[in-house]
Amino acid sequence: MTVTGTGTGPGPAAGTGIRLTAPAPGWSIEADVVVVGSGVAGLTAALRCAAAGRRTVVVTKARLDDGSTRWAQGGIAAALGDGDTPEQHLADTLVAGAGLCDETAVRTLVTEGPDAVHRLIGAGARFDTASGSDEIALTREGGHHRRRIAHAGGDATGAEISRALVEAVRAAGLRTIENALVLDLLTDAEGRTAGVTLHVMGEGQHDGVGAVHAPAVVLATGGMGQVFSATTNPEVSTGDGVALALRAGAEISDLEFVQFHPTVLYLGAEAEGQQPLISEAVRGEGAHLVDADGTRFMVGRHELAELAPRDIVAKAIMLQAHEQGVEHMYLDGRHFGAQMWETRFPTILAACRNHGIDPVSEPIPVAPAAHYASGGVRTDLRGRTTVPGLYACGEVACTGVHGANRLASNSLLEGLVFAERIAADIAAPPAPEAAAGDTPGTPAHDAAEHTAPPAPSTPRTTLPLIAPETRTVVQRIMTAGAGVLRSAESLARAAAELDRLHREATAAAGPAGRDEPAGATATGSAAERKAPEPGVEAWEATNLLCVARVLVAAARRREETRGCHWREDHPDRDDASWRRHFRITLEADRALTIRTTATAEFPPTVTP
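First residue of the sequence shown: 133, per my numbering; consecutive thereafter.
Note that these hints are calculated values from the structure, not bench results.
Just to be clear, a hint being listed does not mean it is correct.
To be verified - Below, in silico cross-link-like pairs of lysine to aspartate or glutamate (DMTMM-like), each with a Cα-Cα straight-line distance of 25 Å or less:
hint, residue 1, residue 2
1, K447, E665
2, K447, E435
3, K447, E692
4, K447, E404
5, K447, E402
6, K447, E459
7, K447, D701
8, K447, E417
9, K447, E691
10, K447, D707
11, K447, D704
12, K447, D423
13, K447, D464
14, K447, D425
15, K447, D706
16, K447, E494
17, K447, E700
Said to hold, decoys possible - Derived CB-CB ranges, DEER-like:
hint, residue 1, residue 2, range
18, E322, P736, 16 to 22 Å
19, D707, E665, 47 to 53 Å
20, G213, D707, 29 to 35 Å
21, P562, H487, 53 to 59 Å
22, E691, P478, 41 to 47 Å
23, G469, G426, 54 to 60 Å
24, T604, G426, 17 to 23 Å
25, V492, D721, 54 to 60 Å
26, A184, P703, 48 to 54 Å
27, G213, G469, 24 to 30 Å
28, E367, H487, 17 to 23 Å
C-beta: ideal position from N, C-alpha, C; glycine also.
Let the sequences and hints guide you as you build the complete structure.
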């Protein structure tokens, strides 16, 4: 993957013709809409589409309740309290976004957010209420000047939202395909979305590679936190949606802005995989960040001290640790007492105790870890991407709401609000001049299943797969070179190592995708290796390598420090040169094109 473009003009109108190496679909089903993902964004979109009469299929990588949403501890932000307003929520979001938020998108979020939360309650979600009343109990998190975070089960908000939506999906009888990894987008002869290919992992009615044919596809696949060694994201967060969108020719933006949550339970320098999150709400309730001597180091660094935006707190922890020659800082909530820990933060308390730390009697060791992708597949205010018929919402999307750094607890709200907007767009009557069957909302014939389907036009070139064990190699490269603190040197090193992995995979695949003989390993010369067989682990590792290379390319290009993108060789924010976005596409020759917007405003997406 080489960078070939630097202009500001429009991107390509057609797909790349690239797909993952995979068997041909052996089964298929028909639908009006296929939603990929089962978090707050995906299930909200699916329920709304189904309610509008669209035959909707939900595809999810694990079980319905196994996505990132259920791990959300803090809550959902909305102007619900007395004295709070959408304008105040807007102001806090814009400050956190460090000059790169799309103000129209943010205004949409904060204005429609309160009603969307109430509709979520109507769907069965139960939020904690203030003692002796029916009013929603609200708390504060980093970057918020008011208490506007609704929570459930103390620190189990995501689990409650997931429970309510999963129950609603099952009650509505929506068709679901669980344990299925989405592979690639299908398109018709005109380049419009025509469904997806997917692989079902041996459970349920279907097995192996198949297809869901639908004129509208909603990507709600979550994030890509597994591209780093230590993350708060579940194992399924391997960037599948962003990688699929790139292969389909969609634009990606703001991928360099990866938020590292400042307070993740520190389990040692060698800890890998999903790490326990210590919610921002703990600081919102008054816990202090301290060093080993008990000194509060955030006081004087920012007006909000421990409740500064996440990028500021993460940087402060890293700097303090570096100055003292240690690996972590501490979060001190001993003054809460046992009852508050047990009632307000039972999940966090249990996680800490499971690792030998008792927050009631000792400070919690914390360090930043990869948490949230502020960028993703670029969309407009209706969730439409630059590929006709392809939508995106939730963490996989770049709506412009988050800018360079997501404001705490805006993620669940964004998924909720923009999923509703996507469903409204899909359900809207087709334009008078549109041909029947050409628009996402046009109902198709009755559901059917068949084998060896007459597939829509499919990509023409296969992407070489990398060996499953290379996943950890990618993660370590990214952690070392593109983590919390970056530089031209570290990013160049990461880019070279990632490019080497890609070249070796390409060489191992051989001409026209044929395998060369020999055994597969994650290291060694290409001549000594064989391309891995298609399979979930190889597909995931290949997706991770794809998004890692794009992230590094964008981070190298952005020569400034802004939000959660921290360049030690360019420590200052540079609005004159860099208050703008990148529009990144993958070309048919597998080259990466990066175009820069002329201003901080996004151009319209290309839609019919």
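Taking the hints in turn, this is what the structure says about them:
1. Restraint check for K447 and E665: the C-alpha separation of about 42 Å exceeds 25 Å, so the hint is violated.
2. Between K447 and E435 the CA atoms are separated by roughly 15 Å; this keeps the pair inside 25 Å, and the hint holds.
3. Among the hinted pairs, K447 with E692 is consistent with the structure: their alpha-carbon atoms are about 15 Å apart, no more than 25 Å.
4. Distance restraint check for K447 and E404: the Cα-Cα separation of roughly 21 Å lies within the 25 Å cut-off, and the hinted pair is therefore satisfied.
5. Restraint check: the Cα-Cα separation between K447 and E402 comes to about 21 Å, which is no more than 25 Å; the hinted pair holds.
6. With a C-alpha separation of about 13 Å, the suggested pair K447 and E459 falls inside the 25 Å cut-off, and the hint holds.
7. Among the hinted pairs, K447 with D701 is consistent with the structure: their alpha-carbon atoms are about 15 Å apart, no more than 25 Å.
8. Distance hint between K447 and E417 is fulfilled; the C-alpha atoms sit about 21 Å from each other, no more than 25 Å.
9. Of the supplied pair hints, the one linking K447 and E691 holds, its CA atoms being roughly 17 Å apart against a limit of 25 Å.
10. A distance of roughly 20 Å separates the Cα atoms of K447 and D707; the hinted pair therefore holds under the 25 Å criterion.
11. For the suggested pair K447 and D704, the alpha carbons sit about 13 Å apart, so the restraint of at most 25 Å is met.
12. For the hint linking K447 to D423, the alpha-carbon distance of about 14 Å falls within 25 Å, and the restraint holds.
13. Of the supplied pair hints, the one linking K447 and D464 holds, its CA atoms being roughly 19 Å apart against a limit of 25 Å.
14. Of the pairs offered as hints, the one joining K447 and D425 holds, with about 19 Å between alpha carbons and a cut-off of 25 Å not exceeded.
15. With a C-alpha separation of about 18 Å, the suggested pairing of K447 with D706 holds against the 25 Å cut-off.
16. For the given pair, K447 sits about 24 Å from E494 by alpha-carbon distance, which is consistent with the 25 Å threshold.
17. This hinted pair checks out: K447 and E700 have alpha carbons roughly 11 Å apart, not beyond 25 Å.
18. Restraint check, E322 to P736: a C-beta distance of roughly 20 Å satisfies the suggested window 16 to 22 Å.
19. A hinted range of 47 to 53 Å holds for the C-beta pair D707 and E665, which are about 49 Å apart.
20. In this structure, G213 and D707 meet the distance hint of 29 to 35 Å, their C-beta atoms being roughly 33 Å apart.
21. The supplied range of 53 to 59 Å is met by P562 and H487, whose beta-carbon atoms lie about 55 Å from each other.
22. Distance hint check: the CB atoms of E691 and P478 are about 45 Å apart, consistent with the given range 41 to 47 Å.
23. Range check, G469 to G426: Cβ separation about 18 Å, and the 54 to 60 Å hint is violated.
24. In this structure the supplied range 17 to 23 Å is violated for T604 paired with G426, their Cβ-Cβ distance being about 37 Å.
25. Remark: the range hint 54 to 60 Å for V492 to D721 is upheld by a beta-carbon distance near 59 Å.
26. A hinted range of 48 to 54 Å for the beta carbons of A184 and P703 is consistent with their spacing of about 50 Å.
27. Distance hint check for G213 and G469: the Cβ-Cβ separation is about 25 Å, which falls inside the suggested range of 24 to 30 Å.
28. Between E367 and H487 the beta carbons are some 18 Å apart, a value that agrees with the proposed interval 17 to 23 Å.
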